[in-house]
Amino acid sequence: MKQPPLVLTSRWPATLLLLAVCASFVLREAFASDDRNPHPTSHETRSIEGWTVHVDARLLAGDHQPLGERSLKLLAGKLFEVSLVVPASRLEKLREAPIWLDLSHGRLESMQYHPSVDWLTAHGYSADLARCVHIPKAALFADSEHNRTQPWAVLHELAHAYHDRELGFDDARIVAAYDRYRTADRGKAALHVDGDPREHYARTNPMEFFAEFSEAYFGTNDFYPFVRGELRQDSPEIFELLEEVWGARGD
0 MKQPPLVLTS
10 RWPATLLLLA
20 VCASFVLREA
30 FASDDRNPHP
40 TSHETRSIEG
50 WTVHVDARLL
60 AGDHQPLGER
70 SLKLLAGKLF
80 EVSLVVPASR
90 LEKLREAPIW
100 LDLSHGRLES
110 MQYHPSVDWL
120 TAHGYSADLA
130 RCVHIPKAAL
140 FADSEHNRTQ
150 PWAVLHELAH
160 AYHDRELGFD
170 DARIVAAYDR
180 YRTADRGKAA
190 LHVDGDPREH
200 YARTNPMEFF
210 AEFSEAYFGT
220 NDFYPFVRGE
230 LRQDSPEIFE
240 LLEEVWGARG
250 D
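Residue numbers for the sequence shown, in numbering that gives the first Met the number 0: 0 to 250.
Keep in mind that a hint or two might mislead.
Said to hold, decoys possible - Pair by pair, the computed Cβ-Cβ distance ranges are: (1) Gly-194 with Gly-228: 45 to 51 Å; (2) Glu-68 with Glu-239: 37 to 43 Å; (3) Pro-196 with Val-84: 27 to 33 Å; (4) Val-192 with Val-84: 17 to 23 Å; (5) Pro-86 with Arg-45: 22 to 28 Å; (6) Ala-188 with Glu-68: 40 to 46 Å; (7) Glu-95 with Arg-35: 33 to 39 Å; (8) Asp-62 with Glu-236: 46 to 52 Å; (9) His-38 with Arg-69: 17 to 23 Å; (10) Asp-117 with Thr-44: 35 to 41 Å; (11) Ala-87 with Pro-196: 36 to 42 Å; (12) Pro-196 with Thr-51: 28 to 34 Å; (13) Asp-117 with Arg-69: 33 to 39 Å; (14) Asp-62 with Ala-188: 43 to 49 Å.
What the hints assert, rightly or not - Below, a list of computed lysine to aspartate or glutamate pairs in the EDC-like style, where the Cα atoms sit at most 20 Å apart: (15) Lys-72 with Glu-144; (16) Lys-72 with Asp-62; (17) Lys-187 with Glu-243; (18) Lys-92 with Glu-80; (19) Lys-72 with Glu-48; (20) Lys-92 with Asp-62; (21) Lys-92 with Asp-142; (22) Lys-92 with Asp-170; (23) Lys-72 with Glu-43; (24) Lys-92 with Glu-165; (25) Lys-187 with Glu-198; (26) Lys-72 with Asp-127; (27) Lys-92 with Glu-243; (28) Lys-187 with Glu-236; (29) Lys-92 with Glu-229; (30) Lys-92 with Glu-48; (31) Lys-187 with Glu-229.
Calculated from the structure, these hints are not laboratory results. Note that beta-carbon positions come from the ideal geometry of N, C-alpha and C, so glycine has one too.
All chains should be modelled from the sequences, with the hints used to inform the complete structure.
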């Protein structure tokens, strides 16, 4: 589930690295216990659709192997979809972001992108996760309801990686577009895929703004505008920004 970030700032560059940016997707530091959700102790590295994926060894044998097979099949399908729609030059950069897939990982649950090594080490997590996409709970990732409501969550997290690693979270174009969006009070009661109006997750901060509308630009988001055509009609200025950043089809 999408949840608000742990730290909100009005100006992003300095304090921004204190966030764990998520998409579907931020940290849920809530009530899970490290004892009930142990950290992985070893991983097997695989290449999936051009991405380096580090797979928790617990998902590859024993009682959790069926979940591992389901999760890997799902991840391969999602990455294949991403490779079909993202222009080649940007896709090459997206594939530079490693992905970690775990059975459990302490209090981390939702799929997320980790921008800050300092945040990770301060909270008892491995520095190896820094600037990577992390799927800390395979069962949540493979859940049918999660995939019904957020089918492009993998792209959402990869968009965070691209934003951080290639553009910089302080990219002036994205910050300005986000500021205009909020100042105009847009997205306060956006139609959600479940049929009720909710505050659009894009209103959270510039990072979620970019990742949310990237979902609509390339695939399907869980808030209106849901898909590319609706985005182009409803928010042509955001569509043009994404076309500038991501490239047009065929680039």
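Going through the hints against the structure:
1. A beta carbon spacing of about 20 Å between Gly-194 and Gly-228 contradicts the range 45 to 51 Å that was offered as a hint.
2. Range check, Glu-68 to Glu-239: Cβ separation about 42 Å, and the 37 to 43 Å hint holds.
3. Checked against the hint of 27 to 33 Å, the C-beta distance between Pro-196 and Val-84 comes to roughly 28 Å, which is consistent with it.
4. Our hint of 17 to 23 Å for Val-192 and Val-84 holds, since their Cβ atoms are close to 19 Å apart.
5. Checked against the hint of 22 to 28 Å, the C-beta distance between Pro-86 and Arg-45 comes to roughly 25 Å, which is consistent with it.
6. Look at Ala-188 against Glu-68: about 41 Å separates their beta carbons, and that is inside 40 to 46 Å.
7. A C-beta distance of roughly 34 Å is found between Glu-95 and Arg-35, which places it inside the suggested range of 33 to 39 Å.
8. Asp-62 and Glu-236 have their C-beta atoms about 51 Å apart, which keeps the hinted 46 to 52 Å range intact.
9. The hint said 17 to 23 Å for the Cβ distance between His-38 and Arg-69, and at roughly 22 Å that hint holds.
10. The given range of 35 to 41 Å is broken by Asp-117 and Thr-44, whose C-beta atoms sit roughly 25 Å from each other.
11. Against the hinted window of 36 to 42 Å, the Cβ-Cβ separation of Ala-87 and Pro-196 comes to about 38 Å, which satisfies the hint.
12. One distance hint, 28 to 34 Å for the beta-carbon pair Pro-196 and Thr-51, is violated here, with the actual separation near 40 Å.
13. The hinted range of 33 to 39 Å is satisfied by Asp-117 and Arg-69, whose Cβ atoms lie roughly 34 Å apart.
14. For Asp-62 paired with Ala-188, a C-beta distance near 45 Å keeps the hint of 43 to 49 Å intact.
15. Restraint check for Lys-72 and Glu-144: the C-alpha separation of about 17 Å stays at or below 20 Å, so the hint holds.
16. Our distance criterion of 20 Å between C-alpha atoms is met by Lys-72 and Asp-62, whose separation comes to about 17 Å.
17. A threshold of 20 Å between alpha carbons decides the hint, and for Lys-187 with Glu-243 the separation of about 26 Å lies outside it, so the pair is violated.
18. Between Lys-92 and Glu-80, the direct Cα distance comes to roughly 16 Å. Compliance with the 20 Å bound is thereby established for this hinted pair.
19. At most 20 Å may separate the alpha-carbon atoms for a hinted pair to count; Lys-72 and Glu-48 meet this at roughly 11 Å.
20. The hinted pair formed by Lys-92 and Asp-62 fails the criterion: a straight-line CA distance of about 36 Å is larger than 20 Å.
21. This hinted pair does not check out: Lys-92 and Asp-142 have alpha carbons roughly 28 Å apart, beyond 20 Å.
22. For the hint pairing Lys-92 with Asp-170, the CA-to-CA distance comes to about 17 Å; that is within 20 Å, so the pair holds.
23. At most 20 Å may separate the alpha-carbon atoms for a hinted pair to count; Lys-72 and Glu-43 meet this at roughly 16 Å.
24. Of the pairs offered as hints, the one joining Lys-92 and Glu-165 holds, with about 8 Å between alpha carbons and a cut-off of 20 Å not exceeded.
25. With a C-alpha separation of about 4 Å, the suggested pair Lys-187 and Glu-198 falls inside the 20 Å cut-off, and the hint holds.
26. For the hint pairing Lys-72 with Asp-127, the CA-to-CA distance comes to about 24 Å; that exceeds 20 Å, so the pair is violated.
27. About 16 Å separates the Cα atoms of Lys-92 and Glu-243, which keeps this hinted pair within 20 Å; it holds.
28. Proximity of Lys-187 to Glu-236 is assessed by CA-CA distance (about 18 Å); at most 20 Å being required, the pair is judged to hold.
29. Note on Lys-92 and Glu-229: the hinted pairing is violated, with a Cα-Cα distance of about 27 Å set against a maximum of 20 Å.
30. For the suggested pair Lys-92 and Glu-48, the alpha carbons sit about 13 Å apart, so the restraint of at most 20 Å is met.
31. With a C-alpha separation of about 17 Å, the suggested pair Lys-187 and Glu-229 falls inside the 20 Å cut-off, and the hint holds.
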